[in-house]
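Visitor: Residue-level listing of the chains:
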Amino acid sequence: MYRAIDFFRGSVCIEAVCDYPERFLNICIQNEIEFWNVERISDKVIRMEVGIKAYQKLRALTDNKEFHVRPVRKKGMPFFLWHLRKRYVLLAGLVLTVACIAAYSMFIWEIDISGCETVSEAAVLEAMERAGVKIGTYAQSVEPELVRSRVLYDIKELSWFIINVHGTRAEVIVRERTERPELIDESVPTKVVAVKSGIISRMNVYEGEALYKVGDTVQAGDVLVSGEMESISSGTRYVHAMADVYARTWYELSLSIPLLYTEKNYTGEVISKHSLCIAGKRLNLYFNAGISVSDCDKISLIKTLRLPTGNILPIQLVSDEYHVYEKVQAELTEEEAEAILRERILQKLSDLTGGAAVVSSEFSSRESDGIFTLTMTAECLEQIAKLEPLTADTQPEMSN
Amino acid sequence: MAGHDMLRSISRTFKLPEELFSGMPRIEINGDEEVTVENHKGILMYEDEQIQINGGNAVVQIRGRGLRLCTMTRTILTIRGYITGVEFLR
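These protein sequence lines map, in sequence, to chains A and B. Under this note's numbering, think of the first position of the first sequence as 1, with each following residue one higher. Under this note's numbering, think of the first position of the second sequence as 1, with each following residue one higher.
Bound-form chain B, shown alone (with noise of 0.2 Å):
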């Protein structure tokens, strides 16, 4: 975690972006109604309730009502549905 910190102290100081170092994920909420997540590493649940997906250093979880997936690549996916909430798991 160490050296998470300092990459990201690092990225701070030069006005990097943080997520290319910090290997944090970069998410995108449009309204209540889609989620784009950045720099994922898969998805550990898929539910129509809740989503988990694993964003490197942290879970970041989905929850809402009629979830799906609408793409997803290596390193991008959506989601759309009613959102009620994105929190982060550690």
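Extracted from the complex, chain A is given alone in its bound form (with noise of 0.2 Å):
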């Protein structure tokens, strides 16, 4: 540390030539010149270190002849700069260098993001670049809380939303909201129908009059619990019905594959071209843009470029690779067909139960004119209970 501000500030070692060199530096000291690591060079002269302010104070004192100071080394930034002055290609060069870095330290260029977890981070950053903030945003411009209430307006996943401009990066702090649970309005008179025809095999009543009991078989769009239940005492009362009915369910699925499929076969040739992305403008490093193949993956790979202390520079290095693939004629066997089709099949039933528990399964499969065929038979158990309001033709009044 004390060498980096040595260096800047500049400072001269002198060789004094006098009688008494403990003298010399007893003047010093009266006269407030501070020097640093003296060493004796012989009787009479003494080699040290000072300022520069302080070398040219002593040269002031030299007029009285006791002492003559001779400078040896000049060293730090004043002196190289001193020797650049007729240089001045350098020196614009100098003084360019320190104009990018001064400039470079003005605008945005990392955007930290963190306390995402279901809003995506991408969805944060188009908020924020439709309210005004983006890599290479011109960082004294931003407005925090205007950038806040856009962004929050923007995404209403959000509930809490922070920017915090730390040079050239942006700290972006971010909570989600807390979904609200969804309320039942039990004055509303329901029945509960059933979405999916089955065998009911448990069920679980909390209010209403179940017609139908566990054994029964039931179609898609049979009431299962009314809401209309009768007293003797009171009469005809509305209520909202609610249940938990599981039922034996059955499906049967079919996909089909063709055998016969065409397959990329990479040739191992690689065609890779490179340009550069300074603050988003793209800077091509080659002539010919175009390429002469037409079967071909391109897989860009882009490297950002950073200081060695972590701070990331607006110059990308982009590297586009063109992995060219002859197209070949292949085939699937029975077993291989099979297996990518039961894949696809069980995700599909997953996707028609809502993930239901699957009780049992059958598969079948058969091949005809380079078609394979695979079909499931399976048996699920699953909720078919859904609320539905009371029909018109009901009292739509609420009895308690």
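Some hints could be false.
[Unchecked claim] Once the Cα atoms are required to be at most 25 Å apart in a straight line, the calculated PhoX-like pairs of lysine-lysine come out as: (1) A:LYS327 to A:LYS134; (2) A:LYS44 to B:LYS15; (3) B:LYS41 to A:LYS57; (4) A:LYS53 to A:LYS75; (5) A:LYS298 to A:LYS327; (6) A:LYS74 to A:LYS86.
No lab work stands behind these hints: they were computed from the structure. Remember, it's a predicted structure, so these values are computed and weren't measured experimentally.
From these two lone chains plus the hints, build me the complex, please.
Guide: If you want it as structure tokens, here you go:
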């Protein structure tokens, strides 16, 4: 640290010639001339380092002829610049570099988002861009309150947003809104109907009158629990029927796949094209933008340059790699086709039943004209109850 | 000397830093490599093996090998090197 300060301030290594070097040191102190690294060269010569101003003061003191001071070595930034004073191009380059660094430090080059759980960082970045903050934005123009308002208005899932600009880095912290639980309006008379056909295996009725029992077969649309309850004392009353009804359901699903297909056979030839992306502007490092082959996969590798300190530079090295391939005909074996279709059918069943438990399943397959077909028959156990408001012909008044 | 002795006894009585009143230097020795002298009055002799410092009431002589004056201000100086002895010459 001290060396760095000395470098920027500049220092002069001097040799003082006098009869009594000790007296020279005391004169320096009396005149408030700071020095360091004192070295006795001979009986009458002493070497030391002093600052630039101290050196000028020392030269003024040599008028009394009691001692003689001669510079041995000058070092530091001021002398370096002094040597450059006639080298205009170098000096201009230095000034330009300093100006570039100063200009660079005025823009945002890194956005660091934390706190995202369900909302993606890309969505936050897009909302911020709409609010006027993105990579390359002038840091002083960022108004945290305005950005916060706009982002919170854009993304309803966020409850809290803050942006702090530290130099060239924008630190964004978000907190997501806790979902409000769905409130059940128990004042509305409802009935429970079956959404799928099946045999009831379990039934929990919380409110209303059950019209079916365990073991009964129901069709989709049948009313399982009625919200209309008869009472000897108070007549008919309408309630908010609620129930969990699990039923055994059956599915038959079929999927087909051709056994012959076209496959990519990579030749190993890779065409690379490099370009520089400076502050969002792309600069190609090649002349011929086109490529001679049509069948290829393009993979773009983007490398963001960083300083040794970790700061991001607004320069990206983009390498586009074109992997050339040939289209060849390939054939699936029946085992491979069955494995592929089995996975797809199970996924389709899961989508249909909402992830209900599969009690049993059977698969059958056939191959015809190069088309392999897999059929699955599955028995599931799933929730089939659904709340529906009572129809208009019933009394919509609630009774307690 | 009687005046200095009186100041020293006063500073001891009131538990004040003695170097403020007695005019004696305050010397700090770090191992055998560094000596810091506060309240000095200048340098009397400066050689590689011996440095004599005017300490007001006494001369502080530092002996050793390869002695160098690292920093020096009006009140404080630091000497580095292989130090073999610090003594007072009266």
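Visitor: Now tell me, hint by hint, if it's right for this structure.
Guide: Evaluated hints:
Our distance criterion of 25 Å between C-alpha atoms is broken by LYS327 of chain A and LYS134 of chain A, whose separation comes to about 42 Å. Between LYS44 of chain A and LYS15 of chain B, the direct Cα distance comes to roughly 45 Å. Violation of the 25 Å bound is thereby established for this hinted pair. For the proposed pair LYS41 of chain B and LYS57 of chain A, the alpha carbon gap of about 22 Å is at most 25 Å, so the pair holds. Among the hinted pairs, LYS53 of chain A with LYS75 of chain A is consistent with the structure: their alpha-carbon atoms are about 14 Å apart, no more than 25 Å.
As the CA atoms of LYS298 of chain A and LYS327 of chain A are separated by approximately 16 Å, the hinted pair is consistent with the 25 Å bound. About 18 Å separates the Cα atoms of LYS74 of chain A and LYS86 of chain A, which keeps this hinted pair within 25 Å; it holds.
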